[in-house]
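Chemist: Top line first, the protein sequences correspond to chains A and B.
So the first sequence is residues 35 to 152, counted in my numbering.
So the second sequence is residues 35 to 152, counted in my numbering.
Rather than coming from a laboratory, the hints here were simulated on the basis of the structure.
Among the clues, some could well be false.
One copy or any two copies: either way a pair holds, since identical chains are not told apart in the list.
Claimed, not checked - Mimicking EDC-like on lysine to aspartate or glutamate, the simulated pairs with C-alpha atoms at most 16 angstroms apart in a straight line are:
| hint | residue 1 | residue 2 |
| --- | --- | --- |
| 1 | Lys89 | Glu118 |
| 2 | Lys70 | Asp48 |
| 3 | Lys43 | Glu109 |
There are 2 protein chains.
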Amino acid sequence: MPPVNLAEKLATFDEHWQPRVIGTFNHHDLMVVKVKGEFVWHSHAHTDDFFLVLKGRITIRMHDGDGDVTLGAGELFVVPRGVEHCPYAEEEAHLLLIETAGTPNTGDVATAAPRRTI
Amino acid sequence: MPPVNLAEKLATFDEHWQPRVIGTFNHHDLMVVKVKGEFVWHSHAHTDDFFLVLKGRITIRMHDGDGDVTLGAGELFVVPRGVEHCPYAEEEAHLLLIETAGTPNTGDVATAAPRRTI
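All chains should be modelled from the sequences, with the hints used to inform the complete structure.
Modeler: Right, dumping it as structure tokens:
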């Protein structure tokens, strides 16, 4: 894969909660996504969920008793596999996500965003 | 793991080419590192090598015929497993690295930096 400028990739689309694959790494998808508002509660049984905030601020609500985690730009968090979570952003935020290749973003292929590469 | 502020972690040390583990993700180490000057030519047989530049600029020289890749802040690149490479930074640069847990940074346990968690 060629080098990737994350801001340039993010400038190519506007939709929220529709990750774009910008590379692969050890059988994982490297993705950028724009988010705003509340996503759905979900979990991933077979992969941890890597979040790095590139711009803005997000809160990741969790059902595991640890409560909410709020992240600003330059902050990362890993939701462990199997933990129910619900990302939320009051204003638009930009993220780098990493998950096992092909993981449905809602935890369910029936409702997942299509996996698009840019 | 708790949320990680990358700049705060980087502020806790000064050495170059001495990665610090700041979290784990799907059996990978998430690391921050400060680099300056030239590293050693090396390869990793069993893991791709993820580089995201957080500050500054690096060049990754490669022996696979593709030549050099230069990355600035907000740019990422994955060196495929098995590809000989030599990172170089004229001025100090700060990076997020991801590799399979325990991978020696020089490709050789005899010469690798100790794997330290902060």
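Chemist: Now look at each hint and say whether the structure bears it out.
Modeler: Going through the hints against the structure:
Proximity of Lys89 to Glu118 under the C-alpha cut-off of 16 angstroms is found in neither arrangement, the shortest distances being 24 angstroms within a copy and 33 angstroms between copies. Taking CA atoms no more than 16 angstroms apart as the test, Lys70 paired with Asp48 passes inside one copy only; the shortest distance there is 11 angstroms, against 37 angstroms between copies. Taking the closest pair of Cα atoms, Lys43 and Glu109 come within 16 angstroms of each other only across two copies (10 angstroms); inside a single copy the shortest separation is 20 angstroms, beyond that limit.
When the structure is compared with the earlier hints, a violation turns up for hint 1 alone.
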